[in-house]
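Peer 1: What follows is the residue order along each chain.
Number of protein chains: 2
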Amino acid sequence: MKKGILLVVSGPSGVGKGTVIKQVLAAREHMYYSVSATTREMREGEVDGRDYDFMKKEDFLAMKAENGFLENAEFCGNYYGTPRKRVIEKLEKGIDVLLEIEVQGAMQVRASFPEAVLVFIAPPSLAELRRRLVDRKTETAEVIEKRLSTAIKEFACIDKYAYIVVNDIAENAAVHLSQIIESEKLRTERNMEYVKENLLL
Amino acid sequence: MKKGILLVVSGPSGVGKGTVIKQVLAAREHMYYSVSATTREMREGEVDGRDYDFMKKEDFLAMKAENGFLENAEFCGNYYGTPRKRVIEKLEKGIDVLLEIEVQGAMQVRASFPEAVLVFIAPPSLAELRRRLVDRKTETAEVIEKRLSTAIKEFACIDKYAYIVVNDIAENAAVHLSQIIESEKLRTERNMEYVKENLLL
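These protein sequence lines map, in sequence, to chains A and B. Read in numbering that gives the first Met the number 0, the first sequence has 74 at position 75, and its numbers run on one by one without any break. Read in numbering that gives the first Met the number 0, the second sequence has 136 at position 137, and its numbers run on one by one without any break.
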């Protein structure tokens with residue numbers, strides 16, 4: 000049984016990750032989108048298990064103590080993380096898993112799960128990223144500048160990612176993500192079982 | 000200017016490399032097939048520059064002394080090699096180059112040109128490789144056994160290749176080779192110039 004690929008996708012706010020990921024999930028039959036767990040309060044309109052797995056703080060901390068997260072972080076007193084067990088189970092069944100997480104979390108996954116394939120979704124340019132943030136018309140100028148300065152900090156980690164997909168047109172970026180998954184499945188280190196079973200005496 | 004990809008393709012005799020490579024070259028507009036140089040005599044029906052670049056032994060050895068080959072080898076008193084300059088020129092122009100060479104040569108390229116992408120075309124099984132060799136009806140049983148024992152020796156080097164493409168159906172194998180090329184173009188280390196020019200301040 001060939002294991003699935005763990006695809007870790009990061010990218011700055013405003014780059015259009017969500018659209019690209021939606022298209023990848025729609026195009027690929029067997030791809031599991033890993034939902035994060037969190038201890039924060041559920042907001043109106045949110046659905047448990049779809050937007051987040053909402054957990055009690057004591058449960059989260061107990062699971063964290065048992066190394067139950069592939070990555071986790073605390074923001075403003077709330078915890079967020081990726082439950083390890085569910086991801087590993089899917090991979091063992093040969094199902095590819097997509098993890099959409101920010102740079103800090105991706106670095107944790109990279110350290111604890113080196114088979115993960117890290118992809119950074121990048122904007123065509125800084126100017127274009129600013130334009131997309133402005134076009135959303137949901138953030139103040141101050142928030143936009145803050146997001147841009149965070150983005151620039153994230154770009155400094157880009158060399159820790161295996162691949163860069165420039166999101167110029169979302170359709171193309173989605174195709175590129177699929178090509179990365181297909182190509183990673185052909186990597187020699189993921190096929191040594193096949194070699195041993197079929198080619199060696 | 001983004002450099003082209005140097006794709007090094009190896010695989011045992013009988014696996015059907017030629018068919019797969021032909022389909023890749025037909026499907027991809029800008030892919031240069033690197034023709035080997037040799038000092039052996041031209042055979043009837045061969046065309047200089049198409050089948051091989053036929054060279055005088057003294058010219059070959061002078062070029063070899065100047066590190067003019069990406070890889071080279073001697074068989075039965077004849078020299079064979081891949082002229083370095085022409086390959087590098089194509090890559091610098093952004094043209095992908097396909098090199099079809101045996102395992103020893105691929106190991107030389109790997110050592111002297113680490114950016115090269117090594118792909119091993121493998122048969123679905125040893126039994127299927129034997130079947131294909133038998134079906135050719137061109138070799139004696141003795142030659143077939145010799146080719147199989149060479150193949151098994153080659154399989155021992157397979158972990159030095161980045162990718163394994165199983166040639167079950169040639170069309171699929173050709174698509175896989177193209178996916179590898181596309182995906183390799185997205186590798187972070189091949190895109191640091193883009194990052195520096197567009198994302199960093």
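A couple of the hints might just be wrong.
You can't tell identical chains apart in this list, so a pair holds if it fits in one copy or across any two.
[Claimed, not checked] Once the Cα atoms are required to be at most 20 Å apart in a straight line, the calculated SDA-like pairs of lysine to any residue come out as:
no. : residue 1 : residue 2
1   : Lys159    : Glu114
2   : Lys159    : Arg186
3   : Lys195    : Ala161
4   : Lys63     : Phe74
5   : Lys184    : Val116
6   : Lys184    : Glu88
7   : Lys63     : Pro123
8   : Lys195    : Ser148
9   : Lys184    : Val174
Derived by calculation from the structure, the hints in this document are not laboratory data. All values derive from a computational prediction rather than experimental measurement.
Peer 1: All hints, please: hold or fail.
Peer 2: To see whether the hints hold, each was checked on the structure:
no. : hint            : result
1   : Lys159 x Glu114 : both (13 Å within a copy, 18 Å between copies)
2   : Lys159 x Arg186 : both (19 Å within a copy, 11 Å between copies)
3   : Lys195 x Ala161 : between (27 Å within a copy, 16 Å between copies)
4   : Lys63 x Phe74   : within (15 Å within a copy, 61 Å between copies)
5   : Lys184 x Val116 : both (11 Å within a copy, 15 Å between copies)
6   : Lys184 x Glu88  : within (18 Å within a copy, 31 Å between copies)
7   : Lys63 x Pro123  : neither (37 Å within a copy, 43 Å between copies)
8   : Lys195 x Ser148 : between (49 Å within a copy, 16 Å between copies)
9   : Lys184 x Val174 : both (16 Å within a copy, 13 Å between copies)
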